[in-house]
Amino acid sequence: MTDQLLPNVANNGGLDDPGGGLPTDVDAQQGLNVIGLSPTRLAWKRFWRHRGASVSAVILAVLVLVVIATPITARYGVNEQVRDIRDGNNVYLRPSALAWLGTDELGRDLYSRLLVGIRTSIIIGLASAILAVIIGTTVGAFAGLRGGRFDDLMMRVTDVFLAFPFLVAIIVVREFLGGVGFLEPIIGSKTSIRFIIVLFAIFGWMVVARLVRSQVLALKEREFVEAARAVGASNSRIVLTHLLPNAIGPIIVALTLAVIAAVVGESTLSFFGFGPQPGSNSTSLGSLVRGSGDAALAGNWHLVLFPCGALVLLAVCINFIGDGLRDAFDPKLDGGK
Amino acid sequence: MARFILRRLIWLIPTIILVTFMVYATIRVGWDPLASYTRANPRASAEARDRFVKANGLYPGFSGVVRGYREWLWAFIQGPSNWPLSLKGNSPVWPVLKYSIANTLRLYGVAAVIGISIGISLGIAASRKPGSWLDTIINSTAFYLGAIPAFVSAVVLQLIFAVQLGWLPPSGVYPPGQRGFDLVEMIKHLILPVTVVVIQTVAQYSRYTRASVLDVSTADFLRTARAKGIPERTVLFKHSVRNAMIPVITLIAIDIGAVLGGLIITENIFNYPGLGVYFLTAINDGDTPKLLPFMVLVVVAVLIFNLIADVLYAILDPRIRLD
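Chains as they are written, first to last, in this note's numbering: chain Z, 1 to 337; chain X, 1001 to 1323.
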């Protein structure tokens, strides 16, 4: 009986199986009416019960769809002016039917540019966050499992790095990496998107490493790890099939936080002129907010409001999702919501 | 305890030397100081450039970097009068650096006192009844404020209060042309930058304090205290908050160490002549003689305040044994 039940329980964890948690007719016939919910499925349910997180997830999903479909959803090209120059003045137009969010100093449609900018920023955020999580998980798992000198050294280094003023470090390291000639074929020039992704990954992996390390330290003494070791599982197998799946919750939360840190980081760097230049046929949120200080002084409020608003919207949504995921994976931390 | 502090202090010196060497090498690779010098002084003679190379120890190769670092460090220790002159204007670095430190400390001092005290109070208030309307308001406000990037709130505040309404000056420490000390003008110029920093601080500290108090709230000693009949007020402040403050205080120590890196975003938007403006000016000019003392300051501050945070943690929580 038990052997027969096992694959069924495992199947309940599948997210694409909406009825998986409910007792089926077969179960009822066999007299099994226990509702089995895997941890993943429980977390999924708890996540959607978090109001802010579920609303944010929907908003973000719609935004991502609109942004992916820029060939359809954008009304103009990135560099296209909304109206022929001879046809009258088309710069700094206020929001209107012609240009939904107004136009910039060259008469380009802010709405279309914003979509492309959000797309670039999300790509930067996701790529650098995934890279940071991969590096951080590897280092953290290694340090946690091995312990000893390497572990001590790494914790000291990350301590200092995390206390170091972020912008100072990132601007100095940016100059440094840009000055090392032989790195250029690999990570691109100082103003390329690839470079900024590598830069954020370099600064992002440490948080993940500390987190994974503490998870590994807590988990590696548990019985199921001991059992795996007893049947002769190798270290890499223990990490990959036993430790990491159990630590997946905090890792995903760290991933969302890394995404938003990179998106805001790109905008902040661009604001001070240290950001990437996404090429002639593209733009990024950072490039759009960059001119907002001057635009504000000149009274072109739409050039401040919409790019900054999009940035804040992204930040709030992703933060909410991170919050919801944290509560979902670790109900103990749920602050009485 | 004394042994722990002594051991860490002894370790501090090689750490500082190692980290400053890394910073020195990084800056040497990242910027070509000689090129920056020629850019800043295009008509400098060959002798002047030789003098610059010698004064800054710009020797070629890795051994040259080590030698340059040794000479630079030796001059640095001997005091500000021996530091190399800045690229731009060939002027001493220390007076500008001192002025910037004072400005940043004034800005952060005011903002930290206001922000941390408001943040901690709100956090304690929110943690009293988790899930109540007060908790929801405080926690979600802090959440939204914390999600707003600093440069956005700075630009928006500047736009509303300085440009549109004209109530407050948009930038600087004093109005242009002002000489001497004027408390009223200084306060007026401080309000907007301080507000930006306070928003960030309140958002961070209220959430952190709330989480910390809630963390303690299930402790056995609180139940014991209540069972003994100790008034709720005393339980709150003498037992609960006192224990919850331990991580908050170490966070404060680490924050103070990091702030010497300058409130780069706020200071640059409000053109407030603190360390953040100093740093970005030095970066944009490629002014390595100006940049190096600043970096040393940041490194030393971060390391020392990290140590202070560790020590404070042990002093405040006797359960932690350091030796």
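Calculated directly from the structure, the hints in this document are not laboratory data.
Errors might be hidden in some of the hints.
A short, non-exhaustive set of chain Z residues, derived as facing chain X with CB atoms under 10 Å [claimed, not checked]:
| hint | residue |
| --- | --- |
| 1 | R49 |
| 2 | S54 |
| 3 | I123 |
| 4 | M155 |
| 5 | L162 |
| 6 | E175 |
| 7 | V225 |
| 8 | A228 |
| 9 | V231 |
| 10 | T268 |
| 11 | L311 |
| 12 | V316 |
| 13 | C317 |
A virtual CB, placed ideally from N, CA and C, is assigned to each residue, including glycine.
Against the structure, the hints:
| no. | hint | in the structure |
| --- | --- | --- |
| 1 | R49 | violated (14 Å) |
| 2 | S54 | violated (15 Å) |
| 3 | I123 | violated (19 Å) |
| 4 | M155 | violated (12 Å) |
| 5 | L162 | holds (9 Å) |
| 6 | E175 | holds (3 Å) |
| 7 | V225 | violated (27 Å) |
| 8 | A228 | violated (32 Å) |
| 9 | V231 | violated (38 Å) |
| 10 | T268 | holds (6 Å) |
| 11 | L311 | holds (6 Å) |
| 12 | V316 | holds (5 Å) |
| 13 | C317 | holds (9 Å) |
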